[in-house]
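The residues making up each chain are set out below.
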Amino acid sequence: MTKIIRAEQSTEEEIKKILHPLVTEWFFSKFSEFSLPQKYGVVPIWKRKNILISAETGGTKTLTAFLSILNHLIILAEKQELKNKVYAVYTSPLKALSNDIHKNLIEPLHEIEELAAKKGIKLQKIRIALRTGDTTTYERTKMLKNPPHILITTPESLAIVLTSKNFVDNMKEVEFCIVDEIHSMDNKRGAYLSLTLERLNEVSSVWPVKIGLSATIEPMDEVAKFLTGVSDDREVESAKVDLNKKIDIQVLSPVKNIIEDEGLHSKMYVLISRLISEHKTTLIFTNTRSGTERVVSYLKERFPTEYGDDNIAAHHSSLSKEHRFDIEEKLRQGKLKVVVCSTSLELGIDIGYIDLVLMLGSPKSSSRALQRMGRAGHQLHNIAKGRFIVLDRDDLVECCVIQKEMMEKRINKVRFPRRCLDVLAQQVFGMAIYKVWKEDELFRLIRKSYCYSDLTRGDFLDIISYLSGEYSLEKNNIYGKIWYDKETKEIGKRGKLARVLYLTNIGTIPEESFIRVKITGTEEPVGMIDETFLSRMKKGDVFVLGGKKYLYRYTRGMNLYVSSEVARNPTIPSWFSEMLPLSFDSALEINQFRALMKKKLKSDKSKEETLKFIGSYLYVNKETAEAIYNYFLEQHSFLEIPDENTIIIEKFTDPDQEKKYLIFHTLYGRRVNDALSRAIGYIIGALGSRDIEVGVSDNGFYLSGENMMIKRALENLKEKNIEKILKEAIDRTDVLARRFRHCATRALMILRSYKGQRKTVGKQQMKSHFLLAAVKRISNEFPILREARREIFEDLMDIENAGLVLRWIEQGKVKIKVIETPLPSPFSLNLIIQGHSDLIRIEDKQEFLRRMHQLHIRNIIQRVPAE
Amino acid sequence: MQNKIRIKYEFINKTLFFPDYGILAVGDLHIGYDHMIKQSGILIPERQVKDIISDLKEVFRKIKNSKTGKRIKKVVFLGDIKHAFSFEAEEKYEFIEVMNFLKLEVPEPQENIIFIKGNHDTMDFTYGKMKNYHIEPESGIAFTHGHKSFPEIFGRKVNVIVSGHLHPSIILAEKPGVKKETYKCFLEGSYKGKTFIVIPSFVGYYEGTPVNDYREDYLESFFILPKKEMLNFKIHVIGKDKVYDFGKIKDL
Numbered sequence: 002m003t004k005i006i007r008a009e010q011s012t013e014e015e016i017k018k019i020l021h022p023l024v025t026e027w028f029f030s031k032f033s034e035f036s037l038p039q040k041y042g043v044v045p046i047w048k049r050k051n052i053l054i055s056a057e058t059g060g061t062k063t064l065t066a067f068l069s070i071l072n073h074l075i076i077l078a079e080k081q082e083l084k085n086k087v088y089a090v091y092t093s094p095l096k097a098l099s100n101d102i103h104k105n106l107i108e109p110l111h112e113i114e115e116l117a118a119k120k121g122i123k124l125q126k127i128r129i130a131l132r133t134g135d136t137t138t139y140e141r142t143k144m145l146k147n148p149p150h151i152l153i154t155t156p157e158s159l160a161i162v163l164t165s166k167n168f169v170d171n172m173k174e175v176e177f178c179i180v181d182e183i184h185s186m187d188n189k190r191g192a193y194l195s196l197t198l199e200r201l202n203e204v205s206s207v208w209p210v211k212i213g214l215s216a217t218i219e220p221m222d223e224v225a226k227f228l229t230g231v232s233d234d235r236e237v238e239s240a241k242v243d244l245n246k247k248i249d250i251q252v253l254s255p256v257k258n259i260i261e262d263e264g265l266h267s268k269m270y271v272l273i274s275r276l277i278s279e280h281k282t283t284l285i286f287t288n289t290r291s292g293t294e295r296v297v298s299y300l301k302e303r304f305p306t307e308y309g310d311d312n313i314a315a316h317h318s319s320l321s322k323e324h325r326f327d328i329e330e331k332l333r334q335g336k337l338k339v340v341v342c343s344t345s346l347e348l349g350i351d352i353g354y355i356d357l358v359l360m361l362g363s364p365k366s367s368s369r370a371l372q373r374m375g376r377a378g379h380q381l382h383n384i385a386k387g388r389f390i391v392l393d394r395d396d397l398v399e400c401c402v403i404q405k406e407m408m409e410k411r412i413n414k415v416r417f418p419r420r421c422l423d424v425l426a427q428q429v430f431g432m433a434i435y436k437v438w439k440e441d442e443l444f445r446l447i448r449k450s451y452c453y454s455d456l457t458r459g460d461f462l463d464i465i466s467y468l469s470g471e472y473s474l475e476k477n478n479i480y481g482k483i484w485y486d487k488e489t490k491e492i493g494k495r496g497k498l499a500r501v502l503y504l505t506n507i508g509t510i511p512e513e514s515f516i517r518v519k520i521t522g523t524e525e526p527v528g529m530i531d532e533t534f535l536s537r538m539k540k541g542d543v544f545v546l547g548g549k550k551y552l553y554r555y556t557r558g559m560n561l562y563v564s565s566e567v568a569r570n571p572t573i574p575s576w577f578s579e580m581l582p583l584s585f586d587s588a589l590e591i592n593q594f595r596a597l598m599k600k601k602l603k604s605d606k607s608k609e610e611t612l613k614f615i616g617s618y619l620y621v622n623k624e625t626a627e628a629i630y631n632y633f634l635e636q637h638s639f640l641e642i643p644d645e646n647t648i649i650i651e652k653f654t655d656p657d658q659e660k661k662y663l664i665f666h667t668l669y670g671r672r673v674n675d676a677l678s679r680a681i682g683y684i685i686g687a688l689g690s691r692d693i694e695v696g697v698s699d700n701g702f703y704l705s706g707e708n709m710m711i712k713r714a715l716e717n718l719k720e721k722n723i724e725k726i727l728k729e730a731i732d733r734t735d736v737l738a739r740r741f742r743h744c745a746t747r748a749l750m751i752l753r754s755y756k757g758q759r760k761t762v763g764k765q766q767m768k769s770h771f772l773l774a775a776v777k778r779i780s781n782e783f784p785i786l787r788e789a790r791r792e793i794f795e796d797l798m799d800i801e802n803a804g805l806v807l808r809w810i811e812q813g814k815v816k817i818k819v820i821e822t823p824l825p826s827p828f829s830l831n832l833i834i835q836g837h838s839d840l841i842r843i844e845d846k847q848e849f850l851r852r853m854h855q856l857h858i859r860n861i862i863q864r865v866p867a868e
Numbered sequence: 617m618q619n620k621i622r623i624k625y626e627f628i629n630k631t632l633f634f635p636d637y638g639i640l641a642v643g644d645l646h647i648g649y650d651h652m653i654k655q656s657g658i659l660i661p662e663r664q665v666k667d668i669i670s671d672l673k674e675v676f677r678k679i680k681n682s683k684t685g686k687r688i689k690k691v692v693f694l695g696d697i698k699h700a701f702s703f704e705a706e707e708k709y710e711f712i713e714v715m716n717f718l719k720l721e722v723p724e725p726q727e728n729i730i731f732i733k734g735n736h737d738t739m740d741f742t743y744g745k746m747k748n749y750h751i752e753p754e755s756g757i758a759f760t761h762g763h764k765s766f767p768e769i770f771g772r773k774v775n776v777i778v779s780g781h782l783h784p785s786i787i788l789a790e791k792p793g794v795k796k797e798t799y800k801c802f803l804e805g806s807y808k809g810k811t812f813i814v815i816p817s818f819v820g821y822y823e824g825t826p827v828n829d830y831r832e833d834y835l836e837s838f839f840i841l842p843k844k845e846m847l848n849f850k851i852h853v854i855g856k857d858k859v860y861d862f863g864k865i866k867d868l
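For the record, the sequence lines run as chains S and V. At position 115 of the first sequence the residue is numbered 116 (the numbering used here), and the sequence of numbers has no breaks. At position 85 of the second sequence the residue is numbered 701 (the numbering used here), and the sequence of numbers has no breaks.
Don't read these hints as lab results, they were simulated from the structure. Small disclaimer: the values here were computed from a predicted structure and weren't measured. Here a beta-carbon is modelled for each residue, glycine too, at the ideal position from N, C-alpha and C. Keep in mind that the hints are not guaranteed to be accurate.
Partner residues are not named here, just some residues of chain S that face chain V (Cβ under 8 Å, in silico) [what the hints assert, rightly or not]:
hint: 1; residue: R554
hint: 2; residue: Y555
hint: 3; residue: G558
hint: 4; residue: Q765
hint: 5; residue: I779
hint: 6; residue: Q847
In silico SDA-like cross-links for lysine to any residue, where the CA-CA straight-line distance does not exceed 25 Å [stated by the list, open to error]:
hint: 7; chain 1: V; residue 1: K673; chain 2: V; residue 2: N728
hint: 8; chain 1: V; residue 1: K666; chain 2: S; residue 2: F771
hint: 9; chain 1: V; residue 1: K864; chain 2: S; residue 2: T556
hint: 10; chain 1: V; residue 1: K796; chain 2: S; residue 2: T734
hint: 11; chain 1: S; residue 1: K756; chain 2: V; residue 2: S702
hint: 12; chain 1: S; residue 1: K497; chain 2: V; residue 2: Q655
One side only, chain V facing chain S, incomplete, derived with CB under 8 Å [claimed, not checked]:
hint: 13; residue: F627
hint: 14; residue: S656
hint: 15; residue: G657
hint: 16; residue: L659
hint: 17; residue: P661
hint: 18; residue: I730
hint: 19; residue: L788
hint: 20; residue: E797
hint: 21; residue: N828
hint: 22; residue: D833
hint: 23; residue: K856
hint: 24; residue: V859
The shape of chain S in the complex, shown without the other chains (with noise of 0.2 Å):
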């Protein structure tokens, strides 16, 4: 295993030791000392000893990584022993880097030359380059000639510089690899990073040293692993650089009341303005890119005079790169007084001066709190202030819990995902690219990695018959990527064109289409939604889009026909899928917190003494304690407080609909209600052989369905067999077919760039679900549909959380009651509206035909006589 060792902070004098005379003038020409972050990491790194920094933004983390190598660079030059290739590596996910490498790199470079030119002494000409997937051919070509000494790149183009043929021999002796951002790599971009690291170790001759910079991350001791790897003979330093920022964080809720007021909504808007006005820069955050066009255009509207396209701007994902930077770029320079965002501005480059972050809705993390907050007062000593703006009861409890959180510093723990398949498909092929491989090579290459340190040989051996073809029992051998030996045990690739499939294919972030919709008659455009939410409708369905009501017409190609003029309700709920899911970490916070609750309920203390520790516990003024506490009191006096010890099910009937509800009180987080409620809900569905609708949110989940047998059911599930009716569960869903295609691509099943043409991502999209039906057919098994059963597991929803809830229930830690309600009880409807329905499919097709078709035949006979 690799060890951690706990990095000491070094004194000013011993890191002057070390440097150059010019490089430490430089420094104190232009600052006055050391920072934390570079008193932990300076030496360490001058000595070759791998480390992970992390600290809250803000920290002048990047600049402590880049002065040790600065610094070496610096020592050569003036020697005259630079030499034509790369001393250091610096990876970061954000391809708008340049302004930080800039303030961080470039500049003091350029200072330090300037400083020896004045001195007369010669150095040689230290060279640094950029190079991500928007670099030019001719850029690269004149990079393979005089290589840079300093390499910046991104993930995806550090893999493709490894697998190129002449310009992997510059990368032989790099000294230095820097990994930054580490914190935004708990996803599959992360498993592919840290295979790329291990192909550099490889082609390295000397030991690149790992220099792993984050934000406040826990658990630090398994990041650090993921930096440098898992192997007996590494070992890696690990600096927690606590700054002491300050913060300034208060829950507000835009009324007294939040259940009785009716004015709510146009109260958070004169909130907002308020805020607004009262600060210089405001970032506000609202989770979703659908809130955030509601919010900008809202703001607009109501407050023409303050508001103009001049001075707010909205930003997310969906927006176009240029009309991104243009936002950005405005914000450093000042421009703009307010920009809504949906969680698009919480990573990454600095932004420049904001006094004020608002989040509309809960953040589900005190990480993800922090890193917002984090965008506030930028500079090193200024105090971060941020608000939170509440909108429902719910809503109120999380935000206050999110609070104590982030005041006593814990924050939520990061799981970078383990074991992925379809990355290590791209990876492996990438590698046999490279060179030829002895099977026992590339299989202890890949262990080293710490997304892959329990992979199995098993597992290791399909992605290798997958690669050679070896599954597709076709007369056309169309996923022969590589070659197999079984003789010899050697592994090469395979065709002419592996290379450039692989170069024009890599990645890992999955591409997304999006269906237009329009007006039926004038073809105006009213936005997009997701292809998946499209799925979901059928002619005369009504939906929300950007906060007006539209009503399903027809579908031609890729555009959806609507008509705006609609006055039923919304049949279709809003879609979710884009909601962040609560941390299971503050989940069991407030979980801890309505136990306490109940108690206090439960004894005879007065209500003065409850308001006192609600202030107290979730460090908040008497008027949120007092909406807090008239929650609580509500739920104990209609029926019992779901806490940590209990499990509530309510069984309920809406009489309008004649809908029977099994509502679960589970507050674990989206993720794990996600699994729990699937595998129930098949369970139950299953014994009453029908189909069972699903509610799920954070705070608990919905079955809906008729013949609901409840207790056989939670009699059946168990912690043990969770999974294996899972994949039962989620084999016909639409959660399935679009995982599958995201892996297949990954995987390099579905190539978005084939023949020398890139194809569109909404045609592949349409027809991908035939690879799926067709890989189903091979085998049930093929590893790459694994994958993406084991992404919705284990990525998408938390089944080892679930699995422990369910272990707690088999200990007796956690009690089940089920209980008849005539109504939902006040904890329950926020679920019962939000909760995004999906259906737990049962029956079978052939059987729904038959169905439908007694339901036709019944409205025939129903519509005879009226006519």
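Keeping the supplied structure of chain S fixed, place chain V upon it in accordance with the hints.
Quick look at chain V alone, frame taken from chain S:
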């Protein structure tokens, strides 16, 4: 089922069979469809021909086993035999593969396999046997693809017109936003005094174009029937062992 002049016909899976004359009509094949999917960058294993042959085998087996003792004498392909608008060598090989199978099933295949030309049939793999329409003189059944009209099919002696081209399917949905399924279907009605039947496509990969949208979105230039008439056609959905009548398109 039969029409007013009593020509019997049966829906057998995706095909239409006239038992008294032993004629089997098969909808659009679109050989090479999977090849086209592959060209668009989705690497699926090609098995369309395998599927066509096994689906045809199933139809033949059903007819052979039926108690009526009727036999297939003739097979009519209703056009769009190939998919790509350009020449693709793969399509030609696959077409030959299908024919090699059919030759063993149909008596005197040279005369008794009829090919109608569809809008996708820009190349003729049948060595000149393709025609725009085919009329059976004995029964008065006319076959055509449906993208173009020919006066002969509305001739006096014609009783029944059979076409493909539309790939009709129906979407059945329940619980808004939650459940919907698509099924291939036959359309049956009358036009200019003739019984008119539209056969679903034979392509296994997808169900077809939903007729649910016809009221809003029906391109008159695409098919030989005007919208007004089309909306009066009846929908028959083929279930596993039963045909389901879903009423008229306009009532959907």
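Against the structure, the hints come out as follows:
{"no.": "1", "hint": "R554", "in the structure": "5 Å, holds"}
{"no.": "2", "hint": "Y555", "in the structure": "4 Å, holds"}
{"no.": "3", "hint": "G558", "in the structure": "11 Å, violated"}
{"no.": "4", "hint": "Q765", "in the structure": "6 Å, holds"}
{"no.": "5", "hint": "I779", "in the structure": "7 Å, holds"}
{"no.": "6", "hint": "Q847", "in the structure": "5 Å, holds"}
{"no.": "7", "hint": "V/K673 to V/N728", "in the structure": "17 Å, holds"}
{"no.": "8", "hint": "V/K666 to S/F771", "in the structure": "15 Å, holds"}
{"no.": "9", "hint": "V/K864 to S/T556", "in the structure": "21 Å, holds"}
{"no.": "10", "hint": "V/K796 to S/T734", "in the structure": "12 Å, holds"}
{"no.": "11", "hint": "S/K756 to V/S702", "in the structure": "17 Å, holds"}
{"no.": "12", "hint": "S/K497 to V/Q655", "in the structure": "18 Å, holds"}
{"no.": "13", "hint": "F627", "in the structure": "14 Å, violated"}
{"no.": "14", "hint": "S656", "in the structure": "5 Å, holds"}
{"no.": "15", "hint": "G657", "in the structure": "4 Å, holds"}
{"no.": "16", "hint": "L659", "in the structure": "5 Å, holds"}
{"no.": "17", "hint": "P661", "in the structure": "4 Å, holds"}
{"no.": "18", "hint": "I730", "in the structure": "29 Å, violated"}
{"no.": "19", "hint": "L788", "in the structure": "5 Å, holds"}
{"no.": "20", "hint": "E797", "in the structure": "6 Å, holds"}
{"no.": "21", "hint": "N828", "in the structure": "6 Å, holds"}
{"no.": "22", "hint": "D833", "in the structure": "4 Å, holds"}
{"no.": "23", "hint": "K856", "in the structure": "5 Å, holds"}
{"no.": "24", "hint": "V859", "in the structure": "10 Å, violated"}
Hint violations for this structure: numbers 3, 13, 18, 24, all remaining hints satisfied.
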